[in-house]
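Novice: So the protein lines, in turn, are chains G and E.
Be aware that the first sequence starts at 5, since it is given in my numbering, and climbs by one per residue.
Be aware that the second sequence starts at 5, since it is given in my numbering, and climbs by one per residue.
A few of these clues could be false.
Stated by the list, open to error - Listed next, with one range per pair, are the computed distances between beta-carbon atoms:
(1) A230(G) / N229(E): 23 to 31 Å
(2) V139(G) / G56(E): 42 to 50 Å
(3) G242(E) / Q371(G): 49 to 57 Å
(4) K23(G) / E25(E): 35 to 43 Å
(5) A227(E) / K423(G): 57 to 65 Å
Said to hold, decoys possible - Each computed DMTMM-like pair below joins lysine to aspartate or glutamate, with the alpha-carbon atoms no more than 20 Å apart:
(6) K57(E) / E420(G)
(7) K219(G) / D53(E)
(8) K219(E) / E287(G)
(9) K410(E) / E46(E)
(10) K252(E) / E420(G)
These are calculated hints, taken from the structure and not from any lab test.
No residue lacks a Cβ here, since even glycine has one placed at the ideal position from N, Cα and C.
There are 2 protein chains.
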Amino acid sequence: MKILIKNATLISMSEKREKIENDKDIKIEDSKIIEIGKNLKEDADKIMDATGKIVMPGFINTHSHVPMSIFRETVDGYNLQDWLNKKIWPMEDKLTNQDIYEASLLSFLEMIETGTTTINDMYFMTEEIIKAAKVSKIRLQTSKTLMGQNDEAGKQRIQELEKLLNTYEGKDERITFNIGIHGLYTSSRDYIKQCVHFAKERNLPIHLHFCENTKEVEDIKNAYNATPIQVLEQEFTGQKLILAHCVKLTKEEIERLKNLKVSISHCPVSNLKLGCGIANIFEMVKQGINVTLGTDGQGSGSNLDLFETMKYTALLQKGIQEDATLLPAYEVLKMATINGAKALGLESKIGSLEVGKKADLIVLDLQNNAVTNPINDLCSDIVYNAKGSNVMTTIINGEVVMENRKVCYPKQEIYEKCKKIIERIQ
Amino acid sequence: MKILIKNATLISMSEKREKIENDKDIKIEDSKIIEIGKNLKEDADKIMDATGKIVMPGFINTHSHVPMSIFRETVDGYNLQDWLNKKIWPMEDKLTNQDIYEASLLSFLEMIETGTTTINDMYFMTEEIIKAAKVSKIRLQTSKTLMGQNDEAGKQRIQELEKLLNTYEGKDERITFNIGIHGLYTSSRDYIKQCVHFAKERNLPIHLHFCENTKEVEDIKNAYNATPIQVLEQEFTGQKLILAHCVKLTKEEIERLKNLKVSISHCPVSNLKLGCGIANIFEMVKQGINVTLGTDGQGSGSNLDLFETMKYTALLQKGIQEDATLLPAYEVLKMATINGAKALGLESKIGSLEVGKKADLIVLDLQNNAVTNPINDLCSDIVYNAKGSNVMTTIINGEVVMENRKVCYPKQEIYEKCKKIIERIQ
C-alpha cells in the first residue's frame, strides 16, 4: 500500500530539515515514509491533497493510565487521597477484563481524534489494553504495573509481567514494553531492587511515578531513610528511566537528575488538578534533561489531548518564572514528538518525519477557525490556538486511522458502553 | 419573532433555579426569554430541538482589546516591553479605520464560534468597533481609552469619549459603555481625577488595567508616591470599577480591595504568556470580591475562547494553592456568566437564563467527542473538556447568530482581509 500526501506545509521535527517547509509531498509505503520532496511521482494507491494544511508527526503521550477514561471528571472537590480511597479504588475493584477493553478503546479514540499516535501506559489487565490497541491500530508502550514487597505476591507480579513479555514482545511492531513500577512509595527497597534487576535483564526502560506531590516525598523519606533522588542514585544507576511528574524537586536535585539516564514525563494538567503544583521543567531543559509530555489518566488529567498539554507547558513556565521569552513554541512541539520518542527508546522509528521512519503523522487544518487566523507564527498557532478538532487525518504505522475527521470506529457504541461501565461500578 | 428550544438540559446559572435541569423548553420572544418549563406550547416561528444538548448563558468576556485579533501569536520570545515597543506600537500606528473594523469582525466571529455573547473592550477608533459589533450582533461594552496628562490632549480625549457617548449611548440595547482608563501608570494623578469625575458624571463604571506585573507596580509607586491600592482608595472611592489582571496584590491588599466597588477581570492565559504571574483569585473569592473572566487581546491572550480561560482559572488555583478541592466547576461557570454581567452592570439583563432576561444563550453538544464522554459531572465536563467547537448554536438578544456551527458571516473573506492587514503593517 502506497500513500502520497501532496502539497503540505511540513513540520517534520527532524534536526536534518528546515523547521517549516512549504509545498512538500510525503510518500508512504506500507508502514514507512519512503520519500519527502516536491512534486513526487504520483504512483500511489491513495493520494491525499494537503494544500493549505500542515503535516507533522503524531504526538507521543509519555504518561497515562489508558483504561481510566471512564473516570473522567470524578475528582472535582476531592483531594488525591480521598479521591483514590473513596472513589477510584472501590470502582477499580469491580472492573472486568471487558471493561478494561472498552475503556481503552475510548482512550485510543480520544488520541486519534486529537492527534496522538503513541501512548505510554501504566495499568493492569494489560492484555486487554493490548487487544484494544491492536483493534485501534494505536502505537502502545505498556507494562503490567509492579508494586509491593519482595514477597510471593510481589514475585508473582514480576512473573506475570515476564509471561506478558514472552507472549507479546516483538510480535507486533506497534506494541512495545517497559517495566512499569508504580512508585518508590508503594514498593519496598528490596522489591525495587528485584524490579530494576528484571528491567536490566530484559533491557527495557523503567516507567515510574516520581515526586508527584509533597506527601509522596515525605513517605519515601520515611520508608527509605533517604530522599527520592538518593534512592534513584542508589538503586537505578545505569537504568533508562521515564519519570512521570517530578513536581517536587529542588534545583539541586534536578542538577543531580541529569547524571542519570532519565526522561521526564511532564503532566501539567494533572499536576494542577490534583493540587500537586508545577514542575520546574524550565530548569530541567536548562540542564539538558529530556522533557516529554504526558496527560496522566483522565481521572485526574481530564483528557488525553496533548494540544492542551503543550499550551499549559509553554504558559506555566513563562508565568511562574515571570519571563515571557521562555520555552518558544518549537521547543514545546519537540517535547510532544521527538523527545517523547527518545524517552520510549523509539527515536529511530518515530517522533519526526524522515525517510525510513514509520509513518506516524497528522494532518492539521487551521484554515477554518477564527481562533487560528491569521497565522502570524505557525508553531505558536499550533501550540496556543490549535485544538484536537483541527486534526483532520491521523496515520499510524502507515495506516489511515482517521480521515477528514472520520474514524472507522462505532463511536457512539463505545461512548454508551463506557457510560454503562461507570454507572455499574459507581 | 418567537423561538422555542425544546428538551434541553438547562444550566441557567440562576440562583432561583436548580443548577442542572433536565428536559426543559425555553421560549424566546424578540430579544427576551418569556417562558421556561416542560412541554411548552409549540407556538413559535422557529423550533429548535435540543435533545441531549445543554443550554446555558453565553459567556461574558470582561477584558479585551477587540481589534488585536490580527496580532495573534506575534509575541513568542518577546518580553512585554520589547513586544510593545518593537512590534505592536509601530504596527498600531499604521492601522486605519477599515482595519479596526475588519479586525473587530474577526474577534466577534471568534466569540460567536466559541460561545461568548458579550465582551468588554478597551481600545481606540471605537466607532469602528461599534459598527462591527452591530453587524455581528454581538453585545458590546466599550469605551475610548483615556490616558495621559491633564493637558489639552488629555482633555480632548475626554471630550471625544463624551461625543461618542452622546452619539451612541442608549441607541442600541446591545451597545453599552464604560470609562476605559488605560492604567494608573500611563496617566497622571490629576488626569485620573478628571476621568473619575467624568465617570461619576456619566454614572458609568471604570475599566482599568491594574497590577498586571511587577514593573507596573513599581512605576505607580514612583509616579504617585503611593501603592496602587492606596491610589485606588484615594481617587476611586464610591466608583464602580472593573480591574483587569490584579496579579501583583498581596493578601492584605486583596482584603482592602473588598471595601471598594470592584470586580476583577481575571485573565490567566495572558498573565502567563506575558510572564506576569498568577493572580490569587482564590483569596479574592474568599473575600467575597466579584471575580469575572477575561481573555485580554489576542496579541497576548492568543484567542477569545473562554472555555480555555475557565479551565486555566480552575486549574491554576488548585495547583498553586496545592489544594484540589478549590474552585469547583460551577463556581468557575459563574465567573464566566453571571459574575461578568454584574461587573458590567448588566446583571438584570444577562448572565443567567431567566424569564424576562435577554436571550443570550448557547447550545452545547458534548455527545460526539471522545474527550467529553462519558459525562460523570456535567459542569466539570464543560469546564475541563468542552471546547469552543462544542458550541453548536449561539443566540444573542434573541437573534440566532450561529446555528449548528453555521454563521452568516463570509468567514474566509474576513480571514483573508485580516491576513492582508497584518502583512501590510508588519
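Novice: The structure should be examined with respect to each hint, and the outcome stated for every one.
Specialist: Going through the hints against the structure:
Roughly 54 Å separates the CB atoms of A230(G) and N229(E), a value that falls outside the hinted 23 to 31 Å. At roughly 27 Å, the beta-carbon separation of V139(G) and G56(E) lies outside the given 42 to 50 Å, and the hint is violated. Checked against the hint of 49 to 57 Å, the C-beta distance between G242(E) and Q371(G) comes to roughly 50 Å, which is consistent with it. A hinted range of 35 to 43 Å is violated for the C-beta pair K23(G) and E25(E), which are about 51 Å apart.
Judged by the Cβ atoms, the range 57 to 65 Å given for A227(E) and K423(G) holds: they are separated by roughly 59 Å. A threshold of 20 Å between alpha carbons decides the hint, and for K57(E) with E420(G) the separation of about 16 Å falls inside it, so the pair holds. In summary, the hint linking K219(G) to D53(E) is not supported, as the alpha carbons are separated by about 50 Å, beyond the 20 Å threshold. Between K219(E) and E287(G) the alpha-carbon distance is near 24 Å, which puts this suggested pair outside the 20 Å criterion.
Our distance criterion of 20 Å between C-alpha atoms is broken by K410(E) and E46(E), whose separation comes to about 24 Å. Taking the CA atoms of K252(E) and E420(G), the gap is near 47 Å; set against the 20 Å cutoff, the hint is violated.
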